[in-house]
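Going down the list, the protein sequences come from chains A and B. Counting from 1, one number per residue, gives the positions in the first sequence under my numbering. Counting from 1, one number per residue, gives the positions in the second sequence under my numbering.
Everything labelled a hint here was simulated from the structure, so no lab data went into it. Be careful, since some hints might not be right.
It does not matter which identical chain is meant; a pair holds if it fits inside one copy or across any two.
Quick list of in silico lysine-lysine cross-link-like pairs, PhoX-like style, CA-CA up to 25 Å [unchecked claim]: (1) 200 with 87; (2) 25 with 200; (3) 386 with 356; (4) 243 with 25; (5) 40 with 200; (6) 87 with 25; (7) 374 with 200; (8) 87 with 199; (9) 242 with 374; (10) 346 with 40; (11) 243 with 374.
Keep in mind that this is a model prediction, so the values were computed, not measured.
Protein chains: 2
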Amino acid sequence: MKNVDLACECPIEAARREELAHLPKVVIVGAGFGGLSAAKALARVHVHVTLIDRRNHHLFQPLLYQVATAGLAPTQIATPIRAIVRKQRNTDVVLGEVDGIEMECQQVRLGERRVPYDYLILATGARHSYFGRDEWERFAPGLKTLEDATEHRKRILLAFERAELEDDPAERARLTTFVVIGGGPTGVEMAGAIAELAKKALASDYRRINPQCARIVLVEAAPRLLGAFPEDLSEHARCALKKLGVEVRLSHAVSACDAEGVTLGGERIESRCVIWAAGVQSSPAARWLGAPSDRAGRVVVAADLSVAGHENVFVIGDCASALGRDGAPLPGVAPVAKQQGEHVAKAIARGLRGKKARPFVYADYGSMATIGRKAAIADFRGLHLKGFIGWLVWSAAHVYFLIGFRNRIAVTLDWAWSYLTFERGARLITGDIAEPQRAADSRRAAA
Amino acid sequence: MKNVDLACECPIEAARREELAHLPKVVIVGAGFGGLSAAKALARVHVHVTLIDRRNHHLFQPLLYQVATAGLAPTQIATPIRAIVRKQRNTDVVLGEVDGIEMECQQVRLGERRVPYDYLILATGARHSYFGRDEWERFAPGLKTLEDATEHRKRILLAFERAELEDDPAERARLTTFVVIGGGPTGVEMAGAIAELAKKALASDYRRINPQCARIVLVEAAPRLLGAFPEDLSEHARCALKKLGVEVRLSHAVSACDAEGVTLGGERIESRCVIWAAGVQSSPAARWLGAPSDRAGRVVVAADLSVAGHENVFVIGDCASALGRDGAPLPGVAPVAKQQGEHVAKAIARGLRGKKARPFVYADYGSMATIGRKAAIADFRGLHLKGFIGWLVWSAAHVYFLIGFRNRIAVTLDWAWSYLTFERGARLITGDIAEPQRAADSRRAAA
Numbered sequence: 001m002k003n004v005d006l007a008c009e010c011p012i013e014a015a016r017r018e019e020l021a022h023l024p025k026v027v028i029v030g031a032g033f034g035g036l037s038a039a040k041a042l043a044r045v046h047v048h049v050t051l052i053d054r055r056n057h058h059l060f061q062p063l064l065y066q067v068a069t070a071g072l073a074p075t076q077i078a079t080p081i082r083a084i085v086r087k088q089r090n091t092d093v094v095l096g097e098v099d100g101i102e103m104e105c106q107q108v109r110l111g112e113r114r115v116p117y118d119y120l121i122l123a124t125g126a127r128h129s130y131f132g133r134d135e136w137e138r139f140a141p142g143l144k145t146l147e148d149a150t151e152h153r154k155r156i157l158l159a160f161e162r163a164e165l166e167d168d169p170a171e172r173a174r175l176t177t178f179v180v181i182g183g184g185p186t187g188v189e190m191a192g193a194i195a196e197l198a199k200k201a202l203a204s205d206y207r208r209i210n211p212q213c214a215r216i217v218l219v220e221a222a223p224r225l226l227g228a229f230p231e232d233l234s235e236h237a238r239c240a241l242k243k244l245g246v247e248v249r250l251s252h253a254v255s256a257c258d259a260e261g262v263t264l265g266g267e268r269i270e271s272r273c274v275i276w277a278a279g280v281q282s283s284p285a286a287r288w289l290g291a292p293s294d295r296a297g298r299v300v301v302a303a304d305l306s307v308a309g310h311e312n313v314f315v316i317g318d319c320a321s322a323l324g325r326d327g328a329p330l331p332g333v334a335p336v337a338k339q340q341g342e343h344v345a346k347a348i349a350r351g352l353r354g355k356k357a358r359p360f361v362y363a364d365y366g367s368m369a370t371i372g373r374k375a376a377i378a379d380f381r382g383l384h385l386k387g388f389i390g391w392l393v394w395s396a397a398h399v400y401f402l403i404g405f406r407n408r409i410a411v412t413l414d415w416a417w418s419y420l421t422f423e424r425g426a427r428l429i430t431g432d433i434a435e436p437q438r439a440a441d442s443r444r445a446a447a
Numbered sequence: 001m002k003n004v005d006l007a008c009e010c011p012i013e014a015a016r017r018e019e020l021a022h023l024p025k026v027v028i029v030g031a032g033f034g035g036l037s038a039a040k041a042l043a044r045v046h047v048h049v050t051l052i053d054r055r056n057h058h059l060f061q062p063l064l065y066q067v068a069t070a071g072l073a074p075t076q077i078a079t080p081i082r083a084i085v086r087k088q089r090n091t092d093v094v095l096g097e098v099d100g101i102e103m104e105c106q107q108v109r110l111g112e113r114r115v116p117y118d119y120l121i122l123a124t125g126a127r128h129s130y131f132g133r134d135e136w137e138r139f140a141p142g143l144k145t146l147e148d149a150t151e152h153r154k155r156i157l158l159a160f161e162r163a164e165l166e167d168d169p170a171e172r173a174r175l176t177t178f179v180v181i182g183g184g185p186t187g188v189e190m191a192g193a194i195a196e197l198a199k200k201a202l203a204s205d206y207r208r209i210n211p212q213c214a215r216i217v218l219v220e221a222a223p224r225l226l227g228a229f230p231e232d233l234s235e236h237a238r239c240a241l242k243k244l245g246v247e248v249r250l251s252h253a254v255s256a257c258d259a260e261g262v263t264l265g266g267e268r269i270e271s272r273c274v275i276w277a278a279g280v281q282s283s284p285a286a287r288w289l290g291a292p293s294d295r296a297g298r299v300v301v302a303a304d305l306s307v308a309g310h311e312n313v314f315v316i317g318d319c320a321s322a323l324g325r326d327g328a329p330l331p332g333v334a335p336v337a338k339q340q341g342e343h344v345a346k347a348i349a350r351g352l353r354g355k356k357a358r359p360f361v362y363a364d365y366g367s368m369a370t371i372g373r374k375a376a377i378a379d380f381r382g383l384h385l386k387g388f389i390g391w392l393v394w395s396a397a398h399v400y401f402l403i404g405f406r407n408r409i410a411v412t413l414d415w416a417w418s419y420l421t422f423e424r425g426a427r428l429i430t431g432d433i434a435e436p437q438r439a440a441d442s443r444r445a446a447a
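One chain only, chain A, in its complex shape (with noise of 0.2 Å):
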């Protein structure tokens, strides 16, 4: 009968997966940074590896920005994670949602399914915070996911061909008004990149507006950009984004947000389109566990990444709270990821081998933020790097971390040629254009 070898089951496989049932099973939740450090460690030891994400891709966020402002494909960004551990035999990967750990019995949670775990990392990562304001979401969406870049993408768009059909200037200059509200990395390099799109890429794309008239404002609560970066580069970054024609709007927070634009104390900015990278607040990996827990939401963890009372079970990365060797916690960027990930893995292997895991220290290597074409920041331990060689740096750093030696080219080139043309490869707009409009619509009626 056809139907039965076509069932599909490999048979040098199923030989596998009857070596890999007696080794230690280690469960991975989330393949970001932190999630696919530690699976890629775990390649060499003598486990039983399960990456579970909700995506059957990994994404490299810190170029979300480039898809959400036209610059960049999704695919540029995002890796297959089945093709990233495709040589790495002791490794399964599981497309799934997790909504729970049961703690006692050892096992993940998916739907119906269970995963029974020996070692647990939680890697799971973290979402948008509107600081209890969550009705301004609608109006202000984050930026966290590829579905939420190509949303932005087509609401960016779609304000330039709006404002092209308008008669009302007042409803034109509300159409072709964008305000990017949080002065960290994510909105500084938004702010400069919706700046560039509208004053080179769209420049002479329109007949009746001028997209090089777009206001772009970047609002900060606090008194300058870029917090955790030196001073004098917060300020290198605030007259870089001025030159830009970005209005940057220091120590103002917002107090209102609707459809029509945002408040930011006694000042009224009318605008369409508001992006919101201000607050992150983490999944929910802290309530699965049970564990103590931040303000931001994030697990408590030990020094050695562990949670207090369960040594087997460790978090990482945006959704731990982790304290530096200063004492503070550490910042929600790649490298702290990537580095617990890493030690994680070696923690398990130590434990495997009847030893303690070490605690962890985090090296930091320096933090780099851009601006625009031309324009970054970098801050290596005291060495900081502006403007033109503040970027190659960057560009350099960025394209090297990309997974995939494809995707690396494909950025080069995309990045080489928008230097060379002001051009951006991935003006697309999809689903369905009516939609904003309609809600926008359905707002104002409410409003």
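Chain A is fixed; fit chain B onto it per the hints.
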């Protein structure tokens, strides 16, 4: 007041608009191959062109199947319409959905908006047709837009993911069986591309299933594939597909289609992923015009492609029913649409000089279809090319006709890369992953 000069109306453009206002108005609906070639051919004619499309991008439809099978990214086969006509200063682009034509007052209707015309060119293309069985669409979607393509990509990739987790061998076989209905160029290309995806790109990515034994069935009601091609090339295509492991069922019509597979007369093929590539139905142009149409809903046009009784209204491309020199209807392919676009532009230019339009004559340079890596067929006025030579010619022609220098480079590199490595660059599942599962469950519940 800052807000005033931010109204964003361009003074240079305002002067240009004044000038254009006195020119004859040509409105083109649809920026596919036909509409775009008409717009380009009108660049130097003394008219004001308005190009209306409900998308912001021109889509290179012949490569859509590569997006559906994760070979290319959506951005690689789509180019913003505004960028294409940027330098054509007599041309406006309007993003919007036409919902009717007011023939008496010569206006195109877009919701509340009215666009007046002196000459009208309808190039609105075609959609799928289920030959009166529209209820099949949910089980066997077609392939016409980028959204269709990313939906197919999701369905195909998710089928393998779900098979990997499935314990029931019958369901696993159902999940790894793919049925393509329709043996025209799209069906042949889809079947070949799915086979290559399963047998090469995904071959070693799974642990429990072996994607190489996925079953791909191509169903055609006629006694041979690619009916528009000479018989020897049809036979070559059948053999090439067989070599790729595709089961080809000729002279088989689909008699039923549901969530668990298709029925071909007496035979039942269980499948969770059925793809419709069998029929097309014209867009509602004929209804808008109140003009006579053929069986597929295409507007019957005069020899000069104008509509009877309205010599200033032209219909071109897939929504026009024009006859070739041999009296047979012209096929719905890109070269026909392009040549018709150019013809109509010339007819309008002649009309402005008081001359009568000439009849349209299609110059058939040949046709091509590809079956997979290293195999394609081409028929150039009796010169039949097959296999690798055919594939090289096919690749060169498609890259040549892709709009935008940048996309040409990107696609060439992608193909070279895939050719060398068998990798697929765009294996991305986006959107809600739970959805197909839930949909399938509810289908099962309903069954």
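Taking the earlier hints as the rules, which of them does this structure contradict?
Those not satisfied are hints 2, 3 and 4.
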